[in-house]
Amino acid sequence: MSGVRVLVGTRKGMFILTSDGKRKAWDVKGPLFEGWEIYHAKGSTVDPNRIYASQNTSWFGQILQRSNDGGATWAPVGNQFQYDGVPGTHQWYDGTPHPWEFARVWHLEPSLSDADTVLAGVEDAALFRSNDGGDSWHELSGLREIGSGASWQPGAGGMCLHTILESPIDAKRIWVAISSAGVFRSDDGGVSWAPKNNGLHSEGIPDEDASVGHCVHRIALHPSRPDTLFMQKHWDVLRSDDAGDNWVEISGNLPSDFGFTIDVHAHEPETVYVVPITSDSVHFPPEGKLRVYRSRSGGNEWEPLTKGLPQENCYVDILRDAMAVDSLDECGVYFGTTGGQVYASANAGDSWEPIVRDLPAVLSVEVQTLA
Amino acid sequence: MIRVVLPAHLKTLAKVSREIELDVPAPLTQRSVIDALEARYPVLLGTIRDPLTQQRRPFVRFFACEEDLSHESPDAVLPDAVASGAEPFFVIGAMAGG
Chain A
199 MSGVRVLVGT RKGMFILTSD GKRKAWDVKG PLFEGWEIYH AKGSTVDPNR
249 IYASQNTSWF GQILQRSNDG GATWAPVGNQ FQYDGVPGTH QWYDGTPHPW
299 EFARVWHLEP SLSDADTVLA GVEDAALFRS NDGGDSWHEL SGLREIGSGA
349 SWQPGAGGMC LHTILESPID AKRIWVAISS AGVFRSDDGG VSWAPKNNGL
399 HSEGIPDEDA SVGHCVHRIA LHPSRPDTLF MQKHWDVLRS DDAGDNWVEI
449 SGNLPSDFGF TIDVHAHEPE TVYVVPITSD SVHFPPEGKL RVYRSRSGGN
499 EWEPLTKGLP QENCYVDILR DAMAVDSLDE CGVYFGTTGG QVYASANAGD
549 SWEPIVRDLP AVLSVEVQTL A
Chain B
139 MIRVVLPAHL KTLAKVSREI ELDVPAPLTQ RSVIDALEAR YPVLLGTIRD
189 PLTQQRRPFV RFFACEEDLS HESPDAVLPD AVASGAEPFF VIGAMAGG
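Same order as they appear, the protein sequences are chains A and B. The numbering of the first sequence is the numbering used here, which starts it at 199 and goes up by one. The numbering of the second sequence is the numbering used here, which starts it at 139 and goes up by one.
Hints are computed from structural coordinates only; laboratory data are not their basis. Mixed in with the good hints, there may be bad ones.
Calculated cross-link-like contacts (lysine-lysine; reagent style DSS-like; alpha-carbon spacing at most 25 Å) [unchecked claim]:
#1 A:K227 / B:K153
#2 B:K149 / A:K210
#3 A:K505 / B:K153
#4 A:K487 / A:K505
#5 A:K505 / A:K220
#6 A:K505 / A:K222
#7 B:K153 / A:K210
#8 A:K227 / A:K210
Some chain A residues close to chain B (C-beta under 7 Å, calculated; not the full set) [claimed, not checked]:
#9 W257
#10 F258
#11 G259
#12 T271
#13 P274
#14 N277
#15 T294
Partner residues are not named here, just some residues of chain A that face chain B (Cβ under 8 Å, in silico) [said to hold, decoys possible]:
#16 G233
#17 W234
#18 T255
#19 I261
#20 S265
#21 N266
#22 Q280
#23 S309
Just so you know, even glycine gets a beta-carbon here, dropped at the ideal spot from N, CA and C.
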């Protein structure tokens with residue numbers, strides 16, 4: 199029987215939520231790695247039993263965990279993320295040069311074709327690859343060395359590479375997004391890179407249309423249309439229909455176009471979800487009402503989805519990696535909040551129920567659809 | 139044999155429940171103790187000190203004989219009481235937070 203496994207990373211450990219295809223009754227396992235921040239955990243689509251998790255604290259640094267049995271057991275793998283060559287400097291908050299320093303792994307992206315290959319997006323922003331199941335890592339340094347790296351500057355959360363997308367039809371095409379540098383694309387498997395930020399306007403930077411320097415929060419795509427990308431920027435929701443070469447704003451009637459997360463329906467490539475947040479200085483939903491907004495037209499026209507979500511006194515945030523979809527016949531949508539709730543919709547967002555409440559602040563949500 | 143006490147998170151990682159006994163060649167220093175710890179428990183690599191620079195992580199402290207030795211040179215010789223096993227060498231997660 200089909201089912202889903204939801205991987206939840208929180209400030210104080212990881213939780214695994216499982217259900218059958220009905221998605222009514224849930225089993226909650228955890229906390230795993232209790233007391234540690236789990237920025238992200240994600241399973242391989244090639245081998246769903248293979249899951250990678252990023253475990254970190256400011257005290258004891260970075261650990262990478264791997265499970266080969268669907269999360270039942272875990273073992274630490276390689277945690278040495280050494281920048282290639284002399285890493286040089288990027289800009290610090292005050293504009294002074296600051297040495298590139300590894301802090302943590304923000305995002306893990308297992309390859310679409312090989313369970314032992316996985317990409318890691320790290321802070322300070324760089325992309326690493328492992329071809330041996332996470333045992334060893336090497337930097338794809340062409341990204342950091344494209345020339346603009348010395349001008350990249352951290353956002354408030356740190357200078358993180360937080361989004362990695364692999365094209366489902368061309369394994370050599372990879373997109374990454376960095377706060378606060380923007381989107382970059384490689385068409386040769388990560389060797390060389392180019393910024394893909396044409397059409398982005400950011401009032402918070404000196405040159406609003408600069409080729410780099412934008413605080414992109416997340417990008418998403420639908421596997422059937424890998425040239426169409428959707429973006430939640432610091433402010434603005436955008437789309438690209440040419441693999442990132444050009445972007446147009448699709449914020450339309452959203453109550454706020456500030457937010458962190460964005461995702462695409464599993465079966466409808468023009469159905470997009472965002473969770474508007476009040477502003478860059480007020481990180482909770484407008485009017486204290488938790489609303490997911492869905493567009494079925496690829497943007498501009500958005501409808502609020504509120505059934506089952508708190509419509510008063512709700513002051514949580516939904517972080518960039520904290521939304522995911524399953525691919526069951528009726529698409530399930532999931533998101534976690536900084537208040538520790540994980541909400542699920544088994545009907546593409548029409549109604550919502552909390553799977554769990556009162557977890558530590560949720561940093562990431564990923565979903566595995568199980569045969 | 140010397141005795142080493144790890145903080146809770148590192149005990150979990152190393153899968154030990156109590157203090158560790160280590161055979162460390164002389165001279166006994168912070169560096170030689172951490173070298174021996176990492177050799178026996180490779181999972182601790184990078185959790186106590188930076189693997190490249192060898193610098194102690196900012197929120198890690200080293201105590202022994204009721205003294206904070208964190209700011210001593212990593213090559214300074216540790217007290218005789220640690221070398222004899224009379225006193226343990228503590229790896230501490232610094233107090234922080236609210």
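Checked hints:
no.	hint	result
1	A:K227 / B:K153	holds, 21 Å
2	B:K149 / A:K210	holds, 17 Å
3	A:K505 / B:K153	violated, 46 Å
4	A:K487 / A:K505	holds, 11 Å
5	A:K505 / A:K220	holds, 18 Å
6	A:K505 / A:K222	holds, 16 Å
7	B:K153 / A:K210	holds, 19 Å
8	A:K227 / A:K210	holds, 14 Å
9	W257	holds, 4 Å
10	F258	holds, 4 Å
11	G259	holds, 5 Å
12	T271	violated, 13 Å
13	P274	holds, 5 Å
14	N277	holds, 5 Å
15	T294	violated, 20 Å
16	G233	holds, 6 Å
17	W234	holds, 7 Å
18	T255	holds, 7 Å
19	I261	holds, 7 Å
20	S265	violated, 16 Å
21	N266	violated, 17 Å
22	Q280	holds, 6 Å
23	S309	violated, 25 Å
In summary, the structure is inconsistent with hints 3, 12, 15, 20, 21, 23 from the numbered list given earlier, while agreeing with the others.
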